[in-house]
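Q: Sequence:
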Amino acid sequence: MIGCFVTGTDTGVGKTLVAAGLLHALARRHRRVVGMKPVAAGLDGNGDSEDASALRAASTLAVPAALDNPVLLADPLSPHIAAQRAGVRIDVSALVRSYQALAAQADAVVVEGAGGFHVPLSDSATGADLAQALALPVVLVVGLRLGCLSHALLTAEAIRSRGLALAGWVANRVHPAMDAVDENIAYLRTHLGAPLLADIAHQRPPDARSTVLALPAQWQ
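Adding 98 to a residue's 1-based position in the sequence shown gives its number in the working numbering.
In case anyone wonders, no lab produced these hints; they're calculated from the structure.
Please note that a few of the clues may not be correct.
[Unchecked claim] Using C-beta positions, here's what the derived DEER-type ranges look like:
#, residue 1, residue 2, range
1, A275, A202, 26 to 32 Å
2, D305, R183, 31 to 37 Å
3, D305, H216, 41 to 47 Å
4, Q301, R126, 30 to 36 Å
5, R307, G185, 36 to 42 Å
6, A275, R195, 30 to 36 Å
7, L141, R287, 33 to 39 Å
8, A202, E255, 45 to 51 Å
9, D280, A163, 37 to 43 Å
10, Q203, G140, 37 to 43 Å
As the structure is a computational prediction, the values presented were derived from the model and not from experiment.
Quick reminder that beta carbons are idealized off the backbone N, C-alpha and C, glycines included.
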């Protein structure tokens, strides 16, 4: 079974786009692929998570929401605050059990984290703790904007400090008018120590199906 954990340099950098793109790429090689959004904060007009819905649309395996989005919080806030407001405690071990139930049914699972790598899930746990508990290789989405170099290098360092493999990274041109964008990408290609899986042009609206992503080498 193939699995990965998608994280980002910040919120709003395109993690869902990349996670869905990975699902589409995996579906060309595997019959049963499924996305997972363990924790989602914020509801769409249908009372669901926009991110979880996008992952479901890119999946070939339909599963109960309790497995692919076990924690759905109403307020679009840091998960630990949204959970406090909802009277919910996010339990990392319970999220891992949901992932294991998905993995038992699937050929490939793509897990999308919430926010950045160290986003708080509770007073005592972060997204990094979840990634470490899942023990999956990590794909890092870098939102190309001023400050992204430091954010990307710090996140890569944090990923490796947890004993996790950085399987690859994606450059997402979230700011179409960013100056010196090619120079920023060149610097990260030299210093991140992981393969560049895609350089995504600015998209409005984002289209995961047309986004071309290389799969990490270990999945070829």
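Q: Confirm or reject each hint.
A: We went through each hint and held it up to the structure:
{"no.": "1", "hint": "A275 x A202: 26 to 32 Å", "result": "violated, 46 Å"}
{"no.": "2", "hint": "D305 x R183: 31 to 37 Å", "result": "holds, 33 Å"}
{"no.": "3", "hint": "D305 x H216: 41 to 47 Å", "result": "violated, 30 Å"}
{"no.": "4", "hint": "Q301 x R126: 30 to 36 Å", "result": "violated, 20 Å"}
{"no.": "5", "hint": "R307 x G185: 36 to 42 Å", "result": "holds, 38 Å"}
{"no.": "6", "hint": "A275 x R195: 30 to 36 Å", "result": "violated, 45 Å"}
{"no.": "7", "hint": "L141 x R287: 33 to 39 Å", "result": "holds, 38 Å"}
{"no.": "8", "hint": "A202 x E255: 45 to 51 Å", "result": "violated, 33 Å"}
{"no.": "9", "hint": "D280 x A163: 37 to 43 Å", "result": "holds, 41 Å"}
{"no.": "10", "hint": "Q203 x G140: 37 to 43 Å", "result": "violated, 27 Å"}
Consistency with the previously given hints fails for numbers 1, 3, 4, 6, 8, 10, ordered from lowest to highest.
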